[in-house]
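Protein chains in written order, with UniProt numbering: chain D, 1 to 112; chain V, 1 to 408.
No lab work stands behind these hints: they were computed from the structure. Possibly wrong hints are sitting among the right ones.
Here are the computed lysine-lysine pairs in the DSS-like style, where the Cα-Cα straight-line distance is at most 25 Å [said to hold, decoys possible]:
#1 K3/V <-> K51/D
#2 K65/V <-> K3/V
#3 K99/D <-> K27/D
#4 K315/V <-> K393/V
#5 K51/D <-> K143/V
#6 K315/V <-> K65/V
#7 K105/D <-> K51/D
#8 K367/V <-> K393/V
#9 K13/D <-> K143/V
#10 K367/V <-> K27/D
#11 K250/V <-> K101/V
#12 K84/V <-> K401/V
#13 K388/V <-> K336/V
#14 K99/D <-> K250/V
#15 K315/V <-> K390/V
Just some of the chain D residues that point at chain V, by a computed CB distance under 10 Å [unchecked claim]:
#16 R4
#17 D7
#18 P9
#19 L14
#20 I46
#21 I61
#22 I65
#23 G77
#24 Q79
#25 R108
#26 L109
Ideal Cβ positions, reconstructed from N, Cα and C, are used throughout, including at glycine.
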Amino acid sequence: MTNRIIDHPILGKLDQSESVSFTFNDKQYTGLKNESIASALLANGIRVLRKHEESGSTRGIYCNIGHCYECRVTVNGEQGIRACLTPLRENMVIISGEKLLTSVKDWRLDNE
Amino acid sequence: MNKIIIIGAGPAGLSAAITIAQNGEEVLVLDEYMLAGGRLLGQLYEEPTGNWWNGITESENLYEKAIQLGVDIQLNTSVYDMEKQNNQWIIYTDNGTYFTKNVLLATGAAEQPFAIPGWTLPGVMSVGAAQVMTNVHRVKPGKRGIIVGVNVLSSAIAMELQLAGIHVKCITLPKKTKLAKESGDPLEVMNSLLHVSHMAPSKFVQLGSKLMKNDLMKKMGISFYPKNGIKMWDIPIMLRKAVIEIYGDKVVEGVKIATITPDGEVVKGTEENISADFVCITGGLYPLAELAAIAGCPFYHIEELGGHVPLHNEKMETTIEGLYVAGNITGIEGAKVAMSQGVVAGFSILNHIQDGKFNNDIEKSIKEIEQTRNSAYIQFHPNVEEGKHKLKKHWENYIGKELCKMVK
Numbered sequence: 001m002t003n004r005i006i007d008h009p010i011l012g013k014l015d016q017s018e019s020v021s022f023t024f025n026d027k028q029y030t031g032l033k034n035e036s037i038a039s040a041l042l043a044n045g046i047r048v049l050r051k052h053e054e055s056g057s058t059r060g061i062y063c064n065i066g067h068c069y070e071c072r073v074t075v076n077g078e079q080g081i082r083a084c085l086t087p088l089r090e091n092m093v094i095i096s097g098e099k100l101l102t103s104v105k106d107w108r109l110d111n112e
Numbered sequence: 001m002n003k004i005i006i007i008g009a010g011p012a013g014l015s016a017a018i019t020i021a022q023n024g025e026e027v028l029v030l031d032e033y034m035l036a037g038g039r040l041l042g043q044l045y046e047e048p049t050g051n052w053w054n055g056i057t058e059s060e061n062l063y064e065k066a067i068q069l070g071v072d073i074q075l076n077t078s079v080y081d082m083e084k085q086n087n088q089w090i091i092y093t094d095n096g097t098y099f100t101k102n103v104l105l106a107t108g109a110a111e112q113p114f115a116i117p118g119w120t121l122p123g124v125m126s127v128g129a130a131q132v133m134t135n136v137h138r139v140k141p142g143k144r145g146i147i148v149g150v151n152v153l154s155s156a157i158a159m160e161l162q163l164a165g166i167h168v169k170c171i172t173l174p175k176k177t178k179l180a181k182e183s184g185d186p187l188e189v190m191n192s193l194l195h196v197s198h199m200a201p202s203k204f205v206q207l208g209s210k211l212m213k214n215d216l217m218k219k220m221g222i223s224f225y226p227k228n229g230i231k232m233w234d235i236p237i238m239l240r241k242a243v244i245e246i247y248g249d250k251v252v253e254g255v256k257i258a259t260i261t262p263d264g265e266v267v268k269g270t271e272e273n274i275s276a277d278f279v280c281i282t283g284g285l286y287p288l289a290e291l292a293a294i295a296g297c298p299f300y301h302i303e304e305l306g307g308h309v310p311l312h313n314e315k316m317e318t319t320i321e322g323l324y325v326a327g328n329i330t331g332i333e334g335a336k337v338a339m340s341q342g343v344v345a346g347f348s349i350l351n352h353i354q355d356g357k358f359n360n361d362i363e364k365s366i367k368e369i370e371q372t373r374n375s376a377y378i379q380f381h382p383n384v385e386e387g388k389h390k391l392k393k394h395w396e397n398y399i400g401k402e403l404c405k406m407v408k
């Protein structure tokens, strides 16, 4: 976890004693217990948390305090969970959102 | 259950909770974050006394004190609606529904973004997001970043990022647009920067700000402002360059930047790319007041307070019975002011419940807000005092009108 700030001149040494493992899109990672899902992912170098439902463009954290909803992921099967507000737990299964079908819109392009 | 409910476990909410619990009433604090402290958590700066203001320790102290006094604090709980029925507030959360007669909204502030092309790319975040990642979660938002938006918040956070070993390449302006009007205008930004110049260790900036007391000098200052910026904490602050676009394939790779005229217009042909793996956007803070809006509070837009604020008086009472406000929802100021506002709100609620027993405490604690405000190290807006005065006038008008209605 190279993106961690281990030694801080004012805040001191980071407590890394309680690590947990989790998966993101079926790949195994480790993070710190009770940190946010967003920070655990960023510490592992993961910025892309989902794709926009309609355009498929990539999205990550924006506000990091729960207001913008840009970081929503699926956690243990539950959709729309804000990664920045959710504490990381052992064996969490996290999945990013993917582009969804826009069948009706696509149909309209050729039929209207 | 009929505990007093406080929404927001930041400096205002926790201080109110402590005040209430110290005087024997039961109180429940709700907050959607995983830690108590709110925006205070991320704060880290050196005070003129040489002491470091450490938001994490301050938050922990408030939290511990509240817990010891028996305050019920429920974190990871989002309040998404509230309404009044039969003289009771119903508070809807994703963790159950609560009922109470008295609610304090201490919801704090959110950050104003600019919509720059490319701003949805992962790696672009609010400057507060970078602050929380760095100081609270101890994860680097990236290795080399650029901050778009020059204001009190971004200058303070840039220093915090440097402190944690993150390279901030520069702080610069957004391109002037209808939305980012003032933030993209070098003269406006210069004006707002002058009142934080005491925070700059660079003698050059301090001296410069003393020379620039009048408008002509300010205009000349902008005209002769070095294109590559003046350094503050070793970070170039560029008032004569603006970010036109953020680029990258899937994630941020850099920004396109150009020289701007003193009026903020882009000089054609000066565009260049600067690489970066994260970009912070900051248009400053605004009061987070949605719950006051659904509760039915009248609002006023007051520039000096950072945006739309729910109408309230010095005692932190709103126009609705049993609804109080404290902290940044009443206007953008520092954590210490928020704490003293929380104390006032706490006493006002106690006074309401225990029939006027706390009039003296209210009066005394209102004076303390003013003292805290006057000695604040960071002023988010130089004319906060004037903003508060405007709000007071609105309150008097409102009360006057209500009285007229009653007489009719």
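For each hint, the structure was consulted:
no., hint, in the structure
1, K3/V <-> K51/D, "violated, 42 Å"
2, K65/V <-> K3/V, "holds, 18 Å"
3, K99/D <-> K27/D, "holds, 20 Å"
4, K315/V <-> K393/V, "holds, 15 Å"
5, K51/D <-> K143/V, "holds, 24 Å"
6, K315/V <-> K65/V, "holds, 24 Å"
7, K105/D <-> K51/D, "holds, 18 Å"
8, K367/V <-> K393/V, "holds, 19 Å"
9, K13/D <-> K143/V, "holds, 19 Å"
10, K367/V <-> K27/D, "violated, 57 Å"
11, K250/V <-> K101/V, "violated, 49 Å"
12, K84/V <-> K401/V, "holds, 23 Å"
13, K388/V <-> K336/V, "holds, 17 Å"
14, K99/D <-> K250/V, "holds, 14 Å"
15, K315/V <-> K390/V, "holds, 16 Å"
16, R4, "holds, 6 Å"
17, D7, "holds, 9 Å"
18, P9, "holds, 6 Å"
19, L14, "holds, 5 Å"
20, I46, "holds, 9 Å"
21, I61, "holds, 6 Å"
22, I65, "holds, 7 Å"
23, G77, "violated, 17 Å"
24, Q79, "violated, 14 Å"
25, R108, "violated, 25 Å"
26, L109, "violated, 24 Å"
In the structure shown, a violation is registered for the earlier hints numbered 1, 10, 11, 23, 24, 25, 26, in ascending order.
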